[in-house]
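J.: Spelled out from the first residue to the last, the chains are:
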Amino acid sequence: MSRESVLVSADWVEQHLDDPAVVLVEVDEDTAAYDKNHIRGAVRLDWKADLQDPVRRDFIDRGQFEALLSARGIGSDDTVVLYGGNNNWFAAYAYWYFTLYGHRDVRLLDGGRKIWELESRELVVETSPRPATQYTASGPDLSIRAFRDEVITAIGVKNLVDVRSPDEFAGRLLAPAHLPQEQSQRGGHIPTALNIPWSKAANDDGTFRSDDDLRTLYADAGVVLATDTIAYCRIGERSAHTWFVLHELLGVQNVKNYDGSWTEYGSLVGVPIAVGDEPGVA
Amino acid sequence: MTEGCAAPPGGVPLDGVDLSTQSVIQGVVTRAGDHPLAGAYVRLHDASGEFTAEVPTDEDGGFRFYAAPGRWTVRTLAPRTAPVDRVVIAQRGVVADIEVSIPV
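Taken in order, these protein sequences are the chains called B and E.
Just so you know, we're using our numbering here: the first sequence kicks off at 8 and counts up by one.
Just so you know, we're using our numbering here: the second sequence kicks off at 13 and counts up by one.
Please keep in mind that the hints were generated in silico from the structure rather than gathered at the bench.
Quick caveat, the model's predicted, so the values are computed rather than measured.
A hint or two may mislead.
[Stated by the list, open to error] One side of the interface only, derived from the structure: several residues of chain E facing chain B at Cβ under 7 Å:
#1 A19
#2 G23
#3 F63
#4 Y78
#5 A79
#6 V100
Every residue, glycine too, gets a C-beta built ideally from N, C-alpha and C.
Input sequences plus hints: build the corresponding full structure.
T.: The structure is reproduced here in structure tokens:
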């Protein structure tokens, strides 16, 4: 897997703004961001309103995914370029989602909305609705999605990578520090998990670090990539960012994202939890 | 209370938040100490320098974090300028207010 087939630069996007085979998709939780402005021609996906089942805590299913993408005018053969705020957290989550449902050519804008803004590139207010398509999905490919029972049996056996900030890992914070610290679940982490914050994979401007830097990052932290890996965070979007790094940029094939993440695990009755800065024991 | 992890511009409002349990760091980013700067990116780093959170500033240049007690560095990124760092001490039940001035 080459970096160019999964990651594109802001220059590349500018050169393909009028390419009919390329669909730009902005993914934010905060829909006001897209309403305020966006890259010309981009359509919007809301990670919650569009991509989550409205009743159960789960994904929309394959049929719902097909209906959603058809309505937004995204074709099965289109090159989909995802970008968003929060250093591409939710864009990476959507990337993982598109991969789960078998989209052939999906890429991330390196640096996301942030680098586009910091480089003062053009943003527009007007929307550009696309004609409806007949989107066909496959899957879901559950080889990239982990569920809670699998996570519990992975303690002390597989690589568990907790990509939250050190204070969340230790249990000193219960949420990212831009959110109020009022959560129902317990603080801490899954025993034996290594803490490699997602942010270590990115530069300040939101772009990904080089492949060599990334390999060194995980090797130095003690992750043996030949062993199966499960990444998690709080709700599964920052760990989608790390899943993208391991699975897509570095080509490691045995990596899953646990999207239930800490909001599920930290609320389970009877499971082991470690607190403090050390991984803890199985 | 938001369920997700997204950072809305300016951060999550204080309305309805029990401040006695929170260690808030907030402030305003201005260009040359004068004009509020919307759309800057404010990053919170912990005492060891590790990135912890980020929010874009709102229309009034405002930002807000809900931190833990301790020493933090607030790093501001804006177009056409080098990052600006400010150190701030957070305390439980206290709102730490800072002003960040970006050079013209």
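J.: Each hint needs a verdict: does it hold in this structure or not?
T.: Against the structure, the hints come out as follows:
no.: 1; hint: A19; verdict: holds (4 Å)
no.: 2; hint: G23; verdict: holds (5 Å)
no.: 3; hint: F63; verdict: holds (4 Å)
no.: 4; hint: Y78; verdict: holds (5 Å)
no.: 5; hint: A79; verdict: holds (5 Å)
no.: 6; hint: V100; verdict: violated (12 Å)
Checked against the numbered hints given earlier, the structure breaks only hint 6 and satisfies all the rest.
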